[in-house]
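Q: This is what each chain is made of:
2 protein chains.
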Amino acid sequence: MAELPGSVGTCASFCLRLGQTIFSSASLLFMSMGVGFYNYTAFCYMVTIMGLVIPWSFTLAMVDGYSVMVKRLTRQPGILIIIVVGDWVLSILTLAAACSTASVVDVLLYSNGLYCPKVCSRYQVSAAMAFLSWFCSSATSLFNLWLIPSL
Amino acid sequence: MAELPGSVGTCASFCLRLGQTIFSSASLLFMSMGVGFYNYTAFCYMVTIMGLVIPWSFTLAMVDGYSVMVKRLTRQPGILIIIVVGDWVLSILTLAAACSTASVVDVLLYSNGLYCPKVCSRYQVSAAMAFLSWFCSSATSLFNLWLIPSL
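In the order they appear, the protein sequences are chains A and L. Everything in the first sequence is counted per full-length UniProt numbering, starting at 1 for the first residue and increasing by one. Everything in the second sequence is counted per full-length UniProt numbering, starting at 1 for the first residue and increasing by one.
Okay, chain A solo, but in the shape it has when bound (with noise of 0.2 angstroms):
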């Protein structure tokens, strides 16, 4: 089996996993800090979505750490299809909601301007680490994907 970087045991998939935890962190920590976010659907959504990528993207990172470690990878068609469907919802999700989050502070700071520029910057931020954390999903997803022919 070719050993293709970015996919499932690798090192690059590691550090993909790795960023993927941390920008879902960080996206959910800056959304939350204030209580605010309940007033908008779409600062709900990102909580939610935020809280289903955390733990899947951290479990995956401890299972890519442990393949690293021992120099095996344990990959089995089953799996790695499960693997490939989870990320690519995932990924719709999280993008779903950086959008979602993004255009929402859009207005925010458009409608009213005067009191938004002490919170919306955090909502700012946590769109932004919420795109990051799209981009490493979809990318994991695509270098899976593309193993699934060969095995």
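Careful, some of the hints might be misleading.
Listed below are several chain A residues computed to face chain L (Cβ distance under 8 angstroms; list not exhaustive) [claimed, not checked]: (1) L73; (2) C99; (3) V104.
For the record, the hints were derived by calculation from the structure and aren't laboratory data. What you are looking at is a predicted structure, and each value in this text was computed from that prediction instead of being measured. Just so it is clear, CB atoms sit at the ideal spot from N, CA and C, and this is done for glycine as well.
Got chain A sorted already, so can you dock chain L onto it with the hints?
A: Just chain L now, with coordinates in the frame of chain A:
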């Protein structure tokens, strides 16, 4: 070469492309029927993306229709990769536009519910059409991506 339903040049692909064209046109129409859309970045973004998706999907629908009529599949790896990448990028942009529009409509409905029902339902339909267009676009992209390793 396997005749995968949904890949370039098949009848299923023609139907998906046609659906994509119709949904994108409907989305653009519902969004730009009034002139109020340019007050919000998300709505302008949606109009821009739909202006890109419509010619792309219409052209590929024509190509698929021609292939179905003459019963000949003209698949070159280079062209297929361009189609997959183009579909991919456009489907991500469509999803982003649909989510942004939906979340902005949600904010508008809650913040000024009195005057919004007149126009907000139009924007809601536009977002729904964009979601359907995204669904068709990502389906064709996945089918064609699946075909690439067999070339």
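Q: Please write out, lowest number first, the hints stated earlier that are contradicted by the structure.
A: 1
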